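Novice: Listed below, chain by chain, are the residues.
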Amino acid sequence: MEIKLKASDLPENIKKAEVTSIKVKKGDQITAGEEIIDLEANKTTISLTAGQAGIINEILIEEGSEIEIGTVLLKIDTNFNEKETETEIKKETKNSKESQITIIGGGPGGYVAALKAAKMGADVCLIEKEELGGTCLNWGCIPTKALVRSAEIYNNLKNAAQFGCSAENINFNWDQIISRKNKIVSQLTNGIKSLLKKHKVKVIRGQAEIVDKNTVLIAKDKKELIINTKNIILATGSKPIELPIVATAADKHLLYSKQALDLEELPQKMAIIGGGVIGLEFAFIFSRLDVEVTVIEYLDEILAFLDSDVITEITEAAAEEGIEIYTGAEAKSVKATADQQALVEFEVSDQKKYITADKVLMAVGRQAYLGDLDLEKIGIMIDENTGGIKVNEKMQTTVDNIYAIGDCTGKTQLAHAASHQGVIAAKNILAEKAEMDYNTIPAAVFTAPEIAAVGLTEKEAANKDLEIKIGKFPVMANGKALTLGETRGFVKIISDAETDSVLGGTIIGPHATDLIAEITLAVNNNLTTEEIIDTIHAHPTSAESIHEAALAVRPEGALHYYEE
Amino acid sequence: MKNKDLKAKFLAGEGYNPWYNLALEEYLLNNLKEDEIILYLWQNENTVVIGRNQNAWQECRVGDLEDNEGKLARRLSGGGAVFHDKGNLNYTILMPRKKYDLKEKLEVVLKALQNLGIKAEFSGRNDIIFEGRKISGNAYYFGTKAAYIHGTVLVDTDLEKLVSYLNVSEAKIKSKGIDSVKSRVMNLSEIDKNLTVDELKEGIKNSFAEIYNQGQPLNEIKINNKDKEKLKDLYHKYSSWEWRFGKSPDFDISLNNRFQWGEIELKLKLSSAAVEEAVLYSDAMYSDLIPKIADSLTGQQFKVEKIVAAAAKILNNYNWPEQKKELKVKEEFLNWLEAELKKIIH
Chain Z
1 MEIKLKASDL PENIKKAEVT SIKVKKGDQI TAGEEIIDLE ANKTTISLTA GQAGIINEIL
61 IEEGSEIEIG TVLLKIDTNF NEKETETEIK KETKNSKESQ ITIIGGGPGG YVAALKAAKM
121 GADVCLIEKE ELGGTCLNWG CIPTKALVRS AEIYNNLKNA AQFGCSAENI NFNWDQIISR
181 KNKIVSQLTN GIKSLLKKHK VKVIRGQAEI VDKNTVLIAK DKKELIINTK NIILATGSKP
241 IELPIVATAA DKHLLYSKQA LDLEELPQKM AIIGGGVIGL EFAFIFSRLD VEVTVIEYLD
301 EILAFLDSDV ITEITEAAAE EGIEIYTGAE AKSVKATADQ QALVEFEVSD QKKYITADKV
361 LMAVGRQAYL GDLDLEKIGI MIDENTGGIK VNEKMQTTVD NIYAIGDCTG KTQLAHAASH
421 QGVIAAKNIL AEKAEMDYNT IPAAVFTAPE IAAVGLTEKE AANKDLEIKI GKFPVMANGK
481 ALTLGETRGF VKIISDAETD SVLGGTIIGP HATDLIAEIT LAVNNNLTTE EIIDTIHAHP
541 TSAESIHEAA LAVRPEGALH YYEE
Chain B
1 MKNKDLKAKF LAGEGYNPWY NLALEEYLLN NLKEDEIILY LWQNENTVVI GRNQNAWQEC
61 RVGDLEDNEG KLARRLSGGG AVFHDKGNLN YTILMPRKKY DLKEKLEVVL KALQNLGIKA
121 EFSGRNDIIF EGRKISGNAY YFGTKAAYIH GTVLVDTDLE KLVSYLNVSE AKIKSKGIDS
181 VKSRVMNLSE IDKNLTVDEL KEGIKNSFAE IYNQGQPLNE IKINNKDKEK LKDLYHKYSS
241 WEWRFGKSPD FDISLNNRFQ WGEIELKLKL SSAAVEEAVL YSDAMYSDLI PKIADSLTGQ
301 QFKVEKIVAA AAKILNNYNW PEQKKELKVK EEFLNWLEAE LKKIIH
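Protein chains in written order, with this note's numbering: chain Z, 1 to 564; chain B, 1 to 346.
Keep in mind that the hints were calculated from the coordinates and are not lab data.
Predicted, not measured: the structure shown is a model, and the values here were computed from it.
A portion of the hints provided could be inaccurate.
[To be verified] So, partial list: chain B residues that the calculated Cβ filter (under 7 Å) puts toward chain Z:
#1 S77
#2 F142
#3 K176
#4 I178
[To be verified] Dumping the calculated PhoX-like pairs for lysine-lysine here, alpha-carbon to alpha-carbon at most 25 Å:
#5 Z:K15 to B:K103
#6 B:K134 to B:K193
#7 Z:K4 to B:K98
#8 B:K182 to Z:K15
#9 B:K33 to Z:K183
#10 B:K174 to Z:K23
#11 B:K99 to Z:K183
#12 B:K86 to B:K193
#13 Z:K4 to B:K145
#14 Z:K23 to B:K98
#15 Z:K16 to B:K182
#16 Z:K23 to B:K145
#17 Z:K26 to B:K176
#18 Z:K16 to B:K98
#19 B:K269 to Z:K25
#20 Z:K15 to B:K145
#21 B:K176 to Z:K15
#22 B:K103 to Z:K158
#23 Z:K6 to B:K103
#24 Z:K16 to B:K176
#25 Z:K16 to B:K103
#26 Z:K158 to Z:K269
#27 B:K99 to Z:K16
#28 Z:K198 to Z:K427
#29 Z:K6 to B:K98
#30 Z:K4 to Z:K252
#31 Z:K181 to B:K145
#32 Z:K183 to B:K145
#33 B:K269 to Z:K26
#34 B:K330 to B:K343
#35 Z:K183 to B:K7
#36 B:K145 to Z:K16
#37 Z:K181 to B:K98
#38 Z:K145 to Z:K480
Just so it is clear, CB atoms sit at the ideal spot from N, CA and C, and this is done for glycine as well.
Chain B with its partners taken away, still in its complex shape (with noise of 0.2 Å):
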């Protein structure tokens, strides 16, 4: 049995926090002894979970998500947008690099969808379908000495808020990293409607179990006081922007408009998702005035209050030789950017 010198161990997450239970997640990954391998299993509520090398803004609508008290979350490992709430699980198999199998370690899940009575197989992206649709999806972090699977299953998540949250409009923006593959989901309450997240949790505890740890009772692992305290760090870094936000690959932003008084073309190059680079091209600004507005904008984070207010100083600032066209140009334009950014941000 090649998985007998390996220590099987359990957490079970407590709260719906998305950037607390990454963090935990994390933690686990960094302390991951050599000889173990953990199942974690965790929720989080009202929550999309972005891919380590996705633009967070192409990925999701943020505005509404946190207009509705939901949080952006980013995580380490690679993939697309997901969306999380109370019916769905999610689970992580922590191993040492070395035992970096994937089939087999996906094998943990399949088996307790199965041993749950749901005919559940694999699809071609390694992603857990049931009649061609998809119940869970995984992505995967390979370290330099630990490596995790994670994924999600749907119980009964609210299929219509995942679509109006990861349903972006054809945005304006360009970017690099990585798009999200979007699949036919389905919830498994569709199957079996009396199924519950507690006993999916049961389920796929028993079958690591049974792979694991010659089907014993798993050791659980306890998260203490000098554990949170470590944790502490880490749960700044999830939930900070610099790490939602600022770990944006590098993406181009292009925005224009044709105003009564002339025609505007604004192209922004972002960087960590602050302006590198803004270009502004127009027929009918001042030519001094131009590349005022375009320097104030290099820099700035990609926050709309920050980006307006830069464009806003610059304007009011500026020597206008017409006061009647000054208050219009400035009205317009600024109120155009704040439109078009937001729309993005939204």
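Bound conformation, chain Z alone (with noise of 0.2 Å):
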């Protein structure tokens, strides 16, 4: 790999620099953290360490050289470790376990499972080969809001004028951003680290492997360990799904969502392959801190699992913001030009179209990820519409005894539908009845303005024939919005035609993440539009949007707001 000056190597007055000296040379081994160069620049000497372990292939920089921030200073070999520790694992030890439920994978699913299954009394174990908190909390959610956040921030300084403060200077440091993400990223694993503990729930690192239907077999270290157990969980997750387009010289450029949160530096040009939740979220992320954003979605609509009139109010938003939008457009290729770019080439109604950019983001969706084991050697059927495995109501495969939850079912891919299946696998392995429904799982969309529903939208309505009434309350007459400063958007909400009962409902505006919570109640309960009337809401709330949205169910309307 190339090891590059970056600008979190210098003193943020310092652009460029002189060498003034080189420690290492061709060959040596070096360590993270190891002093290799010197630099000298604006009467400021530098020292710069490797940020990475590796032999050394070649040193492209010499002594007075001039350097600045992007410029490669080494190549080096970063593989040659994990070469050696591979050949080391050796069956040397063999020992066994007795445990009631294993779980494998610790992402939202798996954990949650571990937990409610411990607190139901049950001796769990469970196995890990990464880190705790799966792709949601190290690769996923969490640290992509993070990002939102620190976008939104500097995004507000730059706006300060619009609440009549003034800043100077607004800039923002990535290198700050990124290590701010880890932060929230392992306070929130070493919670789950202490919740497991305190429930006495073995965490075993390493991969698994499916003997027999009661035995996993856990190659940890140099040991493996066997666990004899009464019952599996599976929780493997997702991966992403990789299109094959990207020529092997555009691999530089290439990124998936978990290499996104962890760039070195930000690119000036990114394109993103996927107009979905993902591509989304990290297209206002990026935008948001000066990059140059172009999606490009092969469906007709971003976001298209969406109401039309959501995706109209979040295609504006974007384009307000700066973001440029493909839609049906089929990408085609990935190419890299001579000049260090990503060559995009994609199909807009039977046109050609190419865009260059520094770095592009693949979302184009997850796929389940089986955890690299021989399901169907025990019995295990998978989905063949989703390559997810098969599960019932009860969460039960096709092994009696065999569980499975989350992104790995082919369902949902929501962390909180993966951890609630955990909790309907652990009570139902634990006697107690229990069954997935679906239909009430909310998702939130981070984007600017928010986006969160629940429930049925129209869209659906018109397919399943549904004879439903629609209630709407623009942000833009909610004092709350207002005194925020973000007066985009609208609260939806739909009920049953005959019975009055709320069936779905979508909320794109500030806080719309938090405020689904209350309809996703009203869904889940089957309370009517009259119930949520009838609720005092307080004032002034974005929650007063969902109460004027009920009244416009109905016929008298809403009461701060009339359409002419």
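With the hints as a guide, bring the two chains together.
Specialist: Pasting the structure below:
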């Protein structure tokens, strides 16, 4: 890999420097943190350290070289250590353990199932080969929200004047944004660790292998551990779908969401293939951090699971933000240009188009990851449509003592759904009847403005030919929203035309992802709009919009808004 | 208050030895805790301090300085050469790398001067100037864990000496590394003739306490015997020839002269202030003698006596066909070589 000069290597007032001393030579093995090069710039001596261990293949600078941010300093081989350790793993000792429930995968499905089962008195083993918290906590929901917040603060600073405030020399430091994110992630993963410990869940690090329906084998350091278990819960998660359109030479420009969260430095231009939740959240984050963003979506709409009024609203917001969006656009290829950029070729209504970008984020969806387990061998069947593990409402697979939850079931790819599935699985294993209902799972999208939806959409109602009533209230008419200076969006409530029960709702606007809880509660409990209307909502809050939208469902309409 | 989480500390230097003072500065740097910010005030006597990546001989009349019992020192930070005497005060602000913020830290000195009634301001190079003339210059070290900014404040320095030591005549050295930038300097005493170094010290201490310690008295750092023991290695480094001269960036020297008996051209390529390669051209000397002289110089430290002795040894041992010519060539060549080198090492 290439070791480049990063902005964080230098004090903030320095962009270029002269190499004054190179302390390493070709073939040297360096460790992370080792001082490798000295620089001088603007009366400042600067020590550079290696960010990563490796063996130096090539040194591309010499004493006296003028270098700047982005200059490639060294090329190192980082794989040498792994190769060594791979051969070291030998079957030295064998250990065995008894367990009531063995859970494979420590993400929001697995660890919640572990906690629930432990609380119910079970003896639980949880196996994780990477980090507790899974994709959600380490490379998904949480870290992206940390970035959303940093981008939001930067954006607020830029717009300070709108609030009668002023800020000068507004800037941000990407490295500090990333380290803040990392801190939040480690705080949460440590939290999970101690929760599991407190509930006496045995957490085992290593790669699991299912020997038979009652035996799990774990490769752990140099040892192997065998668990004889009554039940197994598979919670192996998902992985990004890779489109086979990227030329090898362009690999260095390619990112998946995981890499996008640990970029060494921000690109100037980014192309995002896929206009779903992941693609759009990143589009807003990067665009707000002054990256030129282009989104290429295959379908005719971005975030196609939403109603078209919501899509129109968020598309407008994206355009205002400066995000370029192509819909009905099929990405054809990603190649590398001679000047070190990625060239993305795509087709819009049979017309070829090209854009260049420094980085290309592939966000075309995720697919079930089966944890490198040979499931079919023991009789677990895979759903051919979704590629996920086949499960019933109890989360039971086709092998009766093995359950599966979360993304690996190919149902929904939502952390909160996985956690709920985990609870359902734990209950069923421990002889408490429970069934999974997928109708009332709220979805949250952290764009700007935020979007949240639950239950029935207009699109689905039309498909199913359902008689519905719709009430909408614009955020613009909400006092709290005006004070926040965030007036784009609306609240929409859909109810059964006959019974008045709330069937679904969508919120786009400030705090949408928090506000959806009320509509979710209504949908889950068959509440009517009348019951929402009869509930007093505090003033002045964003939640008043829900009250008003419920009123708008009815003939008398909203109190604080009328349509001409 | 973003500075509240830093513990502000103070250390007053003892004595006027630049090598000890710089060793102590690096000692503080190496042992700085993540939540500390330290102000260190110190003074040198009759000293030229060059930047980390400078050529000692190109920046300073080393010979003159040492003849007057002055000391040459090389610091860790970048930038150019400065002259220090007791009319000059040095300050160092040491901080964790994360807290490195030039403008904010330099504010300490600027504020102190302004509080003393001096209309000081920043220049484009982050120096502090008064009516266009420099009164305080800074340099910086940005390490892997800790960083410092340090600088000089001229109160009543002997500017004549400053000029005489730092004004190196167009040398015969071609060096890599960093050249000094000449500035018009002035003493604070020209603005306020009653101002003393002690008053300035108090002023800087106060403005540092104001910014980093909510105006409360600063915790003073004590250098105990254990520290002093550990400081020995650093002192040895700062006083050593290898650090002061040996750390000069690669440089080339080219000397030539037309003697009665012919022309001589000597080119030396120096790395770590030792001759890495010597090339001698001559139309007058015997062709087998020329490479022998060049070879003898290779590997020698850049010290007059060492280089001259090496050449002399070859010339003395050479089996000269003509005795008379021998004496003349040998003497004139060695005299010339010594004189030329002395001009450089001056």
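Novice: Quickly compare the C-alpha distance for K174 of chain B and K23 of chain Z to 25 Å and report which way the hint goes.
Specialist: holds (23 Å)
Novice: Taking 25 Å as the top limit, are the C-alpha atoms of K4 of chain Z and K98 of chain B close enough?
Specialist: Between K4 of chain Z and K98 of chain B the Cα gap is close to 20 Å, so the pair holds against 25 Å.
Novice: Between K269 of chain B and K26 of chain Z, is the straight-line Cα distance small enough, at 25 Å or below?
Specialist: holds (24 Å)
Novice: Take a quick look at whether K4 of chain Z and K145 of chain B sit within 25 Å of each other, Cα to Cα.
Specialist: holds (20 Å)
Novice: Would you check the hint for K86 of chain B and K193 of chain B, treating anything up to 25 Å between C-alpha atoms as holding?
Specialist: At roughly 16 Å apart (the allowed maximum being 25 Å), K193 of chain B and K86 of chain B satisfy the hint.
Novice: Are the Cα positions of K145 of chain B and K16 of chain Z separated by 25 Å at most?
Specialist: This hinted pair holds, its Cα atoms lying about 21 Å apart.
Novice: Are the Cα positions of K198 of chain Z and K427 of chain Z separated by 25 Å at most?
Specialist: holds (20 Å)
Novice: Check the hint pairing K6 of chain Z with K98 of chain B against an upper bound of 25 Å on the C-alpha distance.
Specialist: Within the cut-off at roughly 15 Å; holds.
Novice: For a C-alpha distance cap of 25 Å, please report whether K181 of chain Z and K98 of chain B respect it.
Specialist: holds (17 Å)
Novice: Are the Cα positions of K330 of chain B and K343 of chain B separated by 25 Å at most?
Specialist: Holds - the C-alpha atoms of K343 of chain B and K330 of chain B are around 20 Å apart, at most 25 Å.
Novice: Tell me if the straight-line CA distance from K16 of chain Z to K182 of chain B falls inside 25 Å.
Specialist: holds (22 Å)
Novice: Starting from K26 of chain Z, check that the Cα of K176 of chain B is at most 25 Å away, please.
Specialist: holds (23 Å)
Violated hints: none; the structure is consistent with every hint.
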